[in-house]
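Work the whole structure out from these sequences, hints included.
One letter stands for each residue in the lines below.
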Amino acid sequence: MDDLRNLDRDRFLDLHRQMLRIRALEETALRGLKDGLVLGAIHPSIGQEAIAAGVAGQLRRDDILLSTHRGHGHTLAKGADPEAMMRELFGRQGGNCGGKGGSMHIADFSVGMLGANGVVGANIIIATGAAHAISLHGDDRVVACFFGDGATNRGPFLEGLNWAAVFNLPVLFICEDNGFAATTRTEDLTAGPGPAARAEAFGIAAETIDGNDITAVVEAADRLVTQVRRDRRPAFLLAKTYRLTGHTGADPASYRAAEEVERAWSNDPIARSAALLTAAGVTTQTLTDMSADIAQEMEGVFQAARAAPRPEVGDALTDVLDARQSGMEVA
Amino acid sequence: MADMTYAAAGAAALAEMMEADPTVWALGEDLGRGGVFGQYAGLPERFGPQRIVSTPISEAAIMGVGVGAAVTGTRPVVEMRFADFALCATDELINQAAKARYMFGGQTRVPLTVRMPVGMWRSSAAQHSQSLEALYTHIPGLVVMMPATPADNYAMLKAAILSDDPVVYLEHKNLWPMPGAVDLAAAPCRIGTANLARQGADLTIVTWSATLHDVLAAAERAPADVEVIDLRTLWPWDRATVFDSVRKTGRLLIAHEAVVVGGFGAEIAASVGEALHSDLRAPVRRIGAPKLPIGYAPTLENQIKLGPERIDAAIARMLARGRASETCGCPRSQFGRE
Ligand SMILES: Cc1ncc(C[n+]2csc(CCOP(=O)(O)OP(=O)(O)O)c2C)c(N)n1
Ligand SMILES: [Mg+2]
Numbered sequence: 001m002d003d004l005r006n007l008d009r010d011r012f013l014d015l016h017r018q019m020l021r022i023r024a025l026e027e028t029a030l031r032g033l034k035d036g037l038v039l040g041a042i043h044p045s046i047g048q049e050a051i052a053a054g055v056a057g058q059l060r061r062d063d064i065l066l067s068t069h070r071g072h073g074h075t076l077a078k079g080a081d082p083e084a085m086m087r088e089l090f091g092r093q094g095g096n097c098g099g100k101g102g103s104m105h106i107a108d109f110s111v112g113m114l115g116a117n118g119v120v121g122a123n124i125i126i127a128t129g130a131a132h133a134i135s136l137h138g139d140d141r142v143v144a145c146f147f148g149d150g151a152t153n154r155g156p157f158l159e160g161l162n163w164a165a166v167f168n169l170p171v172l173f174i175c176e177d178n179g180f181a182a183t184t185r186t187e188d189l190t191a192g193p194g195p196a197a198r199a200e201a202f203g204i205a206a207e208t209i210d211g212n213d214i215t216a217v218v219e220a221a222d223r224l225v226t227q228v229r230r231d232r233r234p235a236f237l238l239a240k241t242y243r244l245t246g247h248t249g250a251d252p253a254s255y256r257a258a259e260e261v262e263r264a265w266s267n268d269p270i271a272r273s274a275a276l277l278t279a280a281g282v283t284t285q286t287l288t289d290m291s292a293d294i295a296q297e298m299e300g301v302f303q304a305a306r307a308a309p310r311p312e313v314g315d316a317l318t319d320v321l322d323a324r325q326s327g328m329e330v331a
Numbered sequence: 001m002a003d004m005t006y007a008a009a010g011a012a013a014l015a016e017m018m019e020a021d022p023t024v025w026a027l028g029e030d031l032g033r034g035g036v037f038g039q040y041a042g043l044p045e046r047f048g049p050q051r052i053v054s055t056p057i058s059e060a061a062i063m064g065v066g067v068g069a070a071v072t073g074t075r076p077v078v079e080m081r082f083a084d085f086a087l088c089a090t091d092e093l094i095n096q097a098a099k100a101r102y103m104f105g106g107q108t109r110v111p112l113t114v115r116m117p118v119g120m121w122r123s124s125a126a127q128h129s130q131s132l133e134a135l136y137t138h139i140p141g142l143v144v145m146m147p148a149t150p151a152d153n154y155a156m157l158k159a160a161i162l163s164d165d166p167v168v169y170l171e172h173k174n175l176w177p178m179p180g181a182v183d184l185a186a187a188p189c190r191i192g193t194a195n196l197a198r199q200g201a202d203l204t205i206v207t208w209s210a211t212l213h214d215v216l217a218a219a220e221r222a223p224a225d226v227e228v229i230d231l232r233t234l235w236p237w238d239r240a241t242v243f244d245s246v247r248k249t250g251r252l253l254i255a256h257e258a259v260v261v262g263g264f265g266a267e268i269a270a271s272v273g274e275a276l277h278s279d280l281r282a283p284v285r286r287i288g289a290p291k292l293p294i295g296y297a298p299t300l301e302n303q304i305k306l307g308p309e310r311i312d313a314a315i316a317r318m319l320a321r322g323r324a325s326e327t328c329g330c331p332r333s334q335f336g337r338e
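Heads up: the sequence lines are chains A and B, in that order. Just so it is clear: in the first sequence, position 217 is 217 by the working numbering, and no numbers are missing. Just so it is clear: in the second sequence, position 131 is 131 by the working numbering, and no numbers are missing.
These aren't lab readings, by the way, just hints derived from the structure by calculation. Every residue, glycine too, gets a C-beta built ideally from N, C-alpha and C. Among these hints, one or two may not hold up.
As the list claims (entries may be wrong) - If the Cβ cut is set under 10 angstroms, some of the chain A residues that face chain B in the computed set are:
1) L37
2) L66
3) C97
4) K100
5) S110
6) N117
7) A133
8) I134
9) V166
10) L321
Quick look at the structure:
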């Protein structure tokens with residue numbers, strides 16, 4: 001039990017499974033990209049799965065989550081259906097957004113996942129607004145808002161944190177610090193001691209954790225979500241991690257040394273989680289079986305998404321207010 | 001019927017909606033003191049600081065919070081203070097509010113009302129005077145409304161708040177003190193319906209917002225029978241009313257305070273040109289501001305303003321064209337035989 005750092009074994013196995021599912025979903029998406037099935041850019045979160053699984057795992061289904069361009073993990077962990085996600089990535093009917101959004105706008109409102117975002121940092125104030133609405137409704141939901149280290153240099157970061165603090169809103173800000181903003185090392189262009197200090201400047205309690213340690217993520221997220229729910233005040237979690245892939249699925253990331261990436265792989269959150277489970281007596285067979293089940297699940301997801309039809313042409317004109325005056329000749 | 005100002009009519013509409021629906025709330029800078037123009041007067045006392053929310057000077061957040069709250073079961077009314085400052089929240093309005101319904105495949109609606117005071121008023125110069133409605137008509141997903149009278153500010157603001165799609169609601173600063181009769185029993189106006197403000201047979205003038213009043217005055221002076229349409233909603237706009245009128249008069253002038261180049265008048269002119277070419281007795285014309293920043297001193301600001309002389313001159317020019325002899329030979333009015 002000690003080896004699992006106070007997590008009960010079944011719960012730890014569930015978290016491990018969730019990380020594996022995120023990894024497998026994204027590897028499946030990368031396969032789809034290679035095959036020309038994923039149409040636009042995708043931003044894999046490979047190497048960052050512990051944060052998505054660990055934080056989203058502490059949320060209730062009716063809690064709200066807002067994500068970023070790197071949002072597949074958050075979406076899946078909040079409870080979205082992987083096949084609907086893959087259909088969305090492939091631009092097919094039955095996608096979460098009916099093929100209208102793609103990877104960067106993936107959302108599943110039915111599980112409180114109010115959207116990835118194509119605009120870095122934009123989700124911070126939208127999440128703050130969701131929390132403001134919750135505070136008007138007077139219920140006990142919380143909002144989890146994910147963003148990257150690069151987003152902390154955008155104005156909405158300042159505006160959103162100040163707002164959440166001033167209005168005592170129930171939002172947990174989670175900064176996934178993977179060291180990079182696209183092809184730039186964030187530290188090269190970021191002044192001061194970093195995101196946690198910026199949050200503290202607004203009077204928001206901030207914690208910094210090893211985001212590749214699932215036990216650390218769960219411990220902090222559990223405590224902070226409980227605290228935000230109880231105190232109706234924002235909190236800030238800075239999770240240090242590393243982006244094991246390029247910025248997008250097509251980016252070879254040649255701007256960083258191979259040794260650096262190799263070193264980072266030795267800190268892979270999934271390998272670390274597996275090692276802890278093994279040390280606690282979970283058999284290799286159990287873990288292998290788990291991976292095999294997930295691989296099978298994702299193979300099914302891939303095939304189903306590939307076979308799904310494209311949206312109807314007429315769908316281009318729905319879900320918008322003014323199709324009849326759209327400037328197209330519409331019957 | 002009540003007599004009230006344009007500003008008070010807006011406040012009455014908002015109060016009525018807030019009374020009827022506890023999820024309606026308003027947020028913006030200095031709202032707790034009734035708003036910078038007093039257009040929220042009385043509401044802070046009546047609804048308290050939780051629902052009439054004074055915010056930090058964070059325009060992006062005011063709009064972004066509005067979006068987040070709109071997709072989380074409330075109907076926010078967002079106050080931008082001056083339309084010019086809404087430009088600090090362009091991403092939140094154009095990339096987020098306007099897109100969410102579509103890009104999420106209809107999973108959500110964004111019932112957001114964005115109030116933006118527009119227009120030249122008290123020498124406010126280049127950054128506090130603009131009429132930027134055309135920007136928003138260009139964006140798929142946004143409703144654009146511009147009330148011109150107290151009665152319409154009442155009925156249209158109610159409609160905006162009831163809209164499940166985001167509404168850019170542009171109120172003219174010069175109209176705040178304008179008095180008028182307001183029917184407090186009036187139903188919300190139907191979005192996309194113009195108002196036939198004056199009937200006439202010789203010339204159609206389409207206009208909106210404060211310019212309506214200048215145009216109506218010019219129509220009274222005009223040596224002909226001028227029809228005036230207050231467009232009220234710019235998107236979706238009331239093509240049927242405009243087209244019917246142009247079919248009748250054969251002449252169309254569009255008058256707005258905003259810059260003519262790329263203004264919404266261009267869209268109306270093009271649409272009429274495309275659809276009604278053979279009904280036209282004269283070329284369609286637009287009048288508005290030259291493409292200049294708005295100057296501070298009256299001598300400069302007046303170069304930008306439409307003013308009665310320019311409107312009169314445009315009417316005269318329109319009426320000089322398309323006389324009976326130039327067209328079908330069947331004069332439609334007395335003026336046709338000039
Ligand atoms: C406002 C805005 N500027 C630039 C971009 C292009 N862009 C997409 S992701 C990205 C890097 C973001 O870095 P970070 O916030 O650290 O997130 P990460 O990609 O590392 O997850 C950039 C610059 C964008 N999408 N939006
Ligand atoms: Mg980053």
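Evaluation of the provided hints:
Because the beta carbon of L37(A) sits about 19 angstroms from the nearest beta carbon in chain B, more than 10 angstroms, this interface hint is broken. For L66(A), the shortest C-beta to C-beta distance to chain B is roughly 8 angstroms, which falls under 10 angstroms, so the interface hint holds. Checking C97(A) against chain B by beta carbon gives a least distance of about 3 angstroms; that is within 10 angstroms, so the hint holds. Hint on K100(A) holds. Least Cβ distance to chain B is approximately 5 angstroms, under the 10 angstroms limit.
A hinted interface residue such as S110(A) counts as satisfied when its beta carbon comes closer than 10 angstroms to some beta carbon of chain B; here the least separation is about 8 angstroms, so the hint holds. Hint status for N117(A): holds, given a least beta-carbon distance of 8 angstroms to chain B, under 10 angstroms. Residue-level restraint check for A133(A) holds (minimum Cβ-Cβ distance to chain B is 4 angstroms; threshold 10 angstroms). The closest approach between the C-beta of I134(A) and any C-beta of chain B is roughly 7 angstroms, which is under the 10 angstroms cut-off, so the hint is satisfied.
Nearest Cβ of chain B to the Cβ of V166(A): about 7 angstroms, under the 10 angstroms cut. The hint holds. Taking 10 angstroms as the C-beta contact cut-off toward chain B, the hint placing L321(A) at the interface holds, the least distance being around 4 angstroms.
Going down the numbered hints, you'll see the structure goes against just number 1.
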